[in-house]
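Asks: If you want the building blocks of each chain, they are given just below.
There are 2 protein chains.
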Amino acid sequence: MQNFDFYAPARILFGKGFEKQVGELLKPHAKKVLLHYGGGSIKKSGLYDTVTASLNSAGVAYAELGGVQPNPRLALVHEGIALCKQEGVDLILAVGGGSVIDSAKAIAMGVYYDGDIWDVYENGTPIERALPVATVLTIPAAGSESSGDTVITNEEKQLKYGYGSPKLRPLLSVMNPELFFTLPKEQLGFGVADIMSHVFERYFTNTTHTDLTDGLCETVLKTVIKNAPLALDDPQNYEAWCEIGFGGTVAHNGLVGMGRAQDWACHNMEHELSAIYDVAHGAGLAVLTPAWMRYVYKDNVPMFVQFASNVMGVEGGFRNPEAMILEGIDRLCVFFRRMGLPVTLSELGIGGDKLELMAKKATGAAFGDEAPIGGLKKLLWQDVLAIYKLAAG
Amino acid sequence: MQNFDFYAPARILFGKGFEKQVGELLKPHAKKVLLHYGGGSIKKSGLYDTVTASLNSAGVAYAELGGVQPNPRLALVHEGIALCKQEGVDLILAVGGGSVIDSAKAIAMGVYYDGDIWDVYENGTPIERALPVATVLTIPAAGSESSGDTVITNEEKQLKYGYGSPKLRPLLSVMNPELFFTLPKEQLGFGVADIMSHVFERYFTNTTHTDLTDGLCETVLKTVIKNAPLALDDPQNYEAWCEIGFGGTVAHNGLVGMGRAQDWACHNMEHELSAIYDVAHGAGLAVLTPAWMRYVYKDNVPMFVQFASNVMGVEGGFRNPEAMILEGIDRLCVFFRRMGLPVTLSELGIGGDKLELMAKKATGAAFGDEAPIGGLKKLLWQDVLAIYKLAAG
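The listed protein sequences correspond, in order, to chains A and B. My numbering puts the last residue of the first sequence at 1652; the count rises by one with no breaks. My numbering puts the last residue of the second sequence at 1652; the count rises by one with no breaks.
Errors might be hidden in some of the hints.
Because identical chains share one entry, a pair is satisfied inside a single copy or across any pair of copies.
To be verified - Restricting the straight-line Cα-Cα distance to at most 30 Å, the calculated cross-link-like pairs of lysine-lysine (DSS-like) are:
(1) K1290 x K1344
(2) K1275 x K1637
(3) K1636 x K1275
(4) K1416 x K1344
I should point out that these hints are in silico values taken from the structure, not numbers from a laboratory. Note that the structure is a prediction, hence the values are computed from the model and not measured.
Just chain A, same shape as in the assembly (with noise of 0.2 Å):
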């Protein structure tokens, strides 16, 4: 186990009817918040109206900017920020799922930044302050309820680059499993191929002795493996959207994580994915951890076979380990196919003339700069390029 510096702060406040608290809750924290959210399906589905009251009720002053689209974009970042110093908001409150909750960090960071806050982004500059962030999450997915980290798109430059600080982890975070009834088919597909990629970058790893995460890890991937397809076939499965959405928590929290060098190449793979085609994130992941795993695994066949017989439940077959880490890949292929995504290239749309491209600007060869991405396997572009190839289909 290496060396880890733990700290989840994030309060979470779980089960029905805490949506109504949010004033009470923000009410020791800030006067004036800005309320944060995205394309207005909170308006129909009565949610807007529900915070907004109980906002009023606790006499928590608020503006709003609403408008966050998947893959949130910098220019609303830039409104937001301008929006906050001008009402003289403290704290934001993001009442969406990781898109929203991704926007209202950056908007967080920017208004104590001297400078354009795409800045961080690119340069990793450490920030110095932040507004506190709340949120009230809609879809279970990105654990940005919980983590410091977020995402965003520069639509101008085509890029979309992390940040993450210990500052931006939310101060509270409000889920409401029942909120998640009315979610698209589609978005449960995509949040669960989120939840699990955020278990997969750190579950594979070359370190040893980790007998104590990978456990968590497995339980948080078996968890949502088994409760993914029943709220997909009943909406209104109460628990089940309870154990994906805690799920979703704990698999992005850090603590699965801790002690392990972890991954990230699919993420960062996917990125460049979404940069360009402006792809959902969990469809693009559906489509590259599987061809990811079928080009490293060789690295590290163990991890591996430990994956293919603890989370997909492969039998026996130990004496012929390629097989069942074949089957176990192809067990996650058909557990995607089952919740609707995509798992190749082609089915998002997505040819082969920008492939290079993307390999490039993910390893950063693009730019004259280039630095392996991966943990398990450090991959260049060539290799990038090869495991998009696989995902072709």
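Start from chain A and add chain B according to the hints.
Replies: Just chain B now, with coordinates in the frame of chain A:
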């Protein structure tokens, strides 16, 4: 899954060397700390010198108070409160195991409490404020390094009571598993029994639809069962101590019990043993837990079958659940024996004369105020007495 409120803000700095950074870590939070410790083993091991050198080098002043005993005493807490007030201490640094940390938390509350801090243990009065507490952990057991809980013994009244508040969660905790190398073997056993009990108290529940937290509980239990004998046989096995140490934190930071009705009967029953006989908490738990299991399992057979299968590795036999369960409990006793733990009250030197008194104290019947204890099965004093008798040996 039940509604829950999860909040575990303690920062955990885990691994080699962090104890040398204590001064730098505390400097942003304190000008003067109370260095609180136990019977002096930290002076023999050199940890005292390491920590004070780090404080000096960072320019953090300190007062000190040693002498914390296992089952930490109220009298020393009173002394610590007076010392903190006199010295203008603004943070308490506990260097030791759960007893030292629990004592530190009592002092931290007491500094701001108008009256005898024992009141809050006896009455559960919510506290308004507490000094921040930081810890350097020397015994993996109590989980107090991340929990908001404290247990204090009032030696005059022969009472041992616990108290919990989010305000008592440590600011940060340093855990270097190398510090565990010199622990007496019996301390490892006691610690392991305590860690496992913290999980059992949450795991055994009548709440259904708890896939995620079931798996998290089982992972911690299996990790400890696998690694504790490795550390017993080779006290320099760093990796085994890592698994036990981090397992102890995850067992008691709250996560594995979220959304579940919890039990805590074994802890309640054990506190009566410690209060009168001053036995080690872990030893008392090892004795009482299997007896409790034998007494209650018929109230939730599927839960105990799951324990036997998923934790103790009892295979097949689902058509004879009772045999599976009893085999699982037997295996737990074998494991406790392997760890050098007692499994009967007579091994602890506890005879039959005070069993009824303890049973009546545990349930409040001794004070004319009986309330059943336990979650999976509600226990009145007659039930507790029956369990004590089952444990008698």
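Asks: State for each hint whether it applies.
Replies: Status of each hint after checking the structure:
In this homomeric assembly, K1290 and K1344 come within 30 Å of each other (Cα to Cα) only inside a single copy, at 14 Å, whereas the closest approach across copies is 34 Å. Proximity of K1275 to K1637 under the C-alpha cut-off of 30 Å is restricted to the inter-copy arrangement: shortest distance 27 Å between copies versus 44 Å within a copy. Only between protomers do K1636 and K1275 lie at most 30 Å apart by alpha-carbon distance; the minimum there is 26 Å, versus 43 Å within a single protomer. For a Cα distance limit of 30 Å, the shortest separation of K1416 from K1344 inside one copy, 26 Å, qualifies, whereas the shortest one across copies, 59 Å, does not.
Hint violations for this structure: none, all hints satisfied.
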